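Assemble chain B onto chain A, guided by the hints.
Chain order of the listed sequences is A and B. Once you know that position 410 of the first sequence is 1202 in this note's numbering, the rest is easy, because the numbers rise by one and skip nothing. Once you know that position 1 of the second sequence is 48 in this note's numbering, the rest is easy, because the numbers rise by one and skip nothing.
Hints in this document: simulated from the structure, not taken from any laboratory. Here the structure is a predicted model, which is why all the values come from computation and not from measurement. Just so you know, not all the hints are guaranteed correct.
Stated by the list, open to error - Simulated crosslink set (DSS-like; lysine-lysine; CA at most 25 Å straight-line):
#1 B:LYS70 <-> A:LYS1192
#2 A:LYS1021 <-> A:LYS849
#3 B:LYS70 <-> A:LYS1037
#4 B:LYS127 <-> B:LYS70
#5 A:LYS1021 <-> A:LYS1007
To be verified - Covered, in the sense of this in silico footprint (three residues per stretch, anywhere, with C-beta under 8 Å from a C-beta of chain A), are these stretches of chain B:
#6 69-81
#7 90-96
#8 128-138
What the hints assert, rightly or not - Coverage of chain A stretches by chain B, computed from C-beta distances (three or more under 8 Å per stretch; other residues unrestricted):
#9 1032-1046
#10 1087-1094
Here a beta-carbon is modelled for each residue, glycine too, at the ideal position from N, C-alpha and C.
One-letter residues, chain by chain:
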Amino acid sequence: MRYSGLKVIKEALTGHKEWTPAWRDPEPQSEYDVIVIGGGGHGLATAYYLAKEYEQKRIAVLEKGWIGGGNVGRNTTIIRSNYLLDGNEPFYEFSLKLWEGLEQDFNYNAMVSQRGILNLIHSDAQRDAFIRRGNAMLLNGADAEMLTTAQIKARYPFLNTEDARFPIKGGLAQHRGGTVRHDAVAWGYARGADSRGVDIIQNCEVTGFRIENGKCLGVETSRGFIGAKKVGCAVAGSSSRLMSKAEMRLPMESHVLQAFVSEGLKPVLPGVVTFGAGHFYVSQSDKGGLVFGGDLDGYNSYAQRGNLPTVEDVCEGGMAIFPAFGRARLLRMWGGIMDMSMDGSPIIDRTHIDGLYFNGGWCYGGFKATPASGFCFAHLLANDVPHPTATAYRFDRFEKGLMIDEKGMGNQPNLH
Amino acid sequence: MIIDHPLLGPRDASEFTYMGDAKLIDRPDWQSQTAAQEFYEYGYLRDNPAGWHEELWFHEAGDRSWLVVTRNTVTHDISKVELARDVARARGRSK
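In isolation and in its complexed conformation, chain A is listed as follows (with noise of 0.2 Å):
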C-alpha cells in the first residue's frame, strides 16, 4: 500500500477500515543469500538498499526484540555532515544527502526537519579550527557558513553569549543539518525492506555462527539454525558481545551514553545547537520538548542507564549557554550504549571469515549514519568491495596506523 495524503482522507471519511501492518512477520526460512543481524537503523536501512538498489533477493533481518527497540530509538535525533577528515566527510555528506530524498525514496513520513546545526566557538584557536573544518565540508560539496554572534544573536537570542570563561564568538552553522524523527526512520526503512520481500524476524536472537574451514555457512537462532551464503553484523552498542561468538576481539569498548529531554515548551529553539567547549547539545521536539545530550559517563557499560554525576555535568554545560532553560523541568532520561573504537570511526568491512561481514564502531554518530551505513553496507555485501565513500572504514586500519581521529584523542575510546 502506497502511502499518501489523498489515502489519509480516503480513511478518514470511511473509518480507518482499510489500513494494513506495515510489514509482515514471516517465519523464518531454513536458508537466505543474506542474513542482516541487527533490526535497528543500520540493519534495516542494509536491507533496504540490499532489496532496492542491489536487487539481492531472499534477505532476511534478525532481531533479538523489535525492530527499533535499540540505539535508533535512543539517540538525540540530530543530522548532521561537520565532520573534517577526508576518510569521514565523504561519507556524512553521502549520508545527509540521503536524508534529503528519504521520505520519498521509501514513501514514509520520517518528519525529517533541516532546521539547520550551529556549532558555537569561544576563542581565536576554536575559530581557526571551525574555519579549517568549514573548508573540509565545502570541498566535500557539503554547505558551511562562519557566523558572527550578532548574527547568532539574532537567531538565539537568549543565549549567553557574555559568559565569563566561554563568551561565544562566533559560530560554525550547517544550514543543512537538523533532526528526524527516528522511530519512524526505523519503520520506514523495515516497511520499505518487507514490501520488497525481506522477511524481517523478529524475537530471533543469534546465539553463534556456524563457521566450518573459515566459512561462515549461517547463523544459530533461538529460532533455529539458519543458513546464509553471506552473514552481516549490525549490532552496534553489542558488537563485542555478537563478534565474541564468532572468537573476534574487535578495537572497541561500549560505553553509555545518556540523553534528556525536558517537560514540553512552547516554540524556543529554532534548530540544533552544540557547545563544544561544556559539551552540550540540544534541540527542540516538534512536540516540544528540549532534547540534549553531553559526554558519554566514561566506564564501560552495557546498561542502558547512566549515573548521576553525568547528569549534573550536562546540565550545567546547558545553564551555562542558555541560562533561560534553567526553569524548565526535566521530564525523561535514557541512556544508549555505543561501541565507541580506538579511533572514534566507525567501521564497514568483510571479516577475516568468508561470508562474515561486519558493521559497527558508530561511537555518538550513528544515527546521522544511518541511511549510508545501510547504503555502504549493502554495497558491500552485494559486491564484496567497499562503497566509495567508506573505503577507509576497514578492520585493519589500526594495524597499519590509518586512523581516523577526527579529535585527535588516540586509543581512549571515552575520550572520543
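Just chain B now, with coordinates in the frame of chain A:
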C-alpha cells in the same frame, strides 16, 4: 557508583577517571619477535565483556592512586577494589 577505596574507604565515582581494561597492566615485551603484533593487540583490541570486568580507575580528585576495580558492566555492581600497584606486583612487575 561508589568505589570502596582500599585506603580511603567509600568514595564517589565522580572523583575518579577511567582508563579501561586492567589487562593494560600487562604490557608486552618490546624485545619479543612478535612485538609489533602484540603491541597492536595491546593498544587496540579489547575483550569488552558484558558482565564482570577488571578495570583501571585513577583517583584523580583524591590520593591519585591507580585502582583495579572489578565491576559488572551490566549492573554497575562493584565486587572488588585493589590497589593497581599490588595487582601489578602480584603479576611479577617491579612496580
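How the hints compare with the structure:
1. In summary, the hint linking B:LYS70 to A:LYS1192 is supported, as the alpha carbons are separated by about 23 Å, within the 25 Å threshold.
2. The hinted pair formed by A:LYS1021 and A:LYS849 meets the criterion: a straight-line CA distance of about 12 Å does not exceed 25 Å.
3. About 21 Å separates the Cα atoms of B:LYS70 and A:LYS1037, which keeps this hinted pair within 25 Å; it holds.
4. Restraint check: the Cα-Cα separation between B:LYS127 and B:LYS70 comes to about 16 Å, which is no more than 25 Å; the hinted pair holds.
5. With a C-alpha separation of about 9 Å, the suggested pair A:LYS1021 and A:LYS1007 falls inside the 25 Å cut-off, and the hint holds.
6. Three residues within the 8 Å Cβ limit are the bar, and the segment 69-81 of chain B against chain A gives 0, so the coverage statement is violated.
7. Under a criterion of three residues with beta carbons nearer than 8 Å to beta carbons of chain A, the stated coverage of the segment 90-96 of chain B is upheld, 7 such residues being counted.
8. Beta-carbon proximity to chain A at under 8 Å applies to 0 residues in the segment 128-138 of chain B; the threshold of 3 is not reached and the given coverage is violated.
9. Remark: the segment 1032-1046 of chain A is confirmed as covered by chain B, as 9 of its residues place a Cβ nearer than 8 Å to a Cβ of that chain, reaching the required three.
10. For a cut-off of 8 Å, the count of residues in the segment 1087-1094 of chain A with a CB near a CB of chain B stands at 5, and the three-residue condition holds.
Consistency with the previously given hints fails for numbers 6, 8, ordered from lowest to highest.
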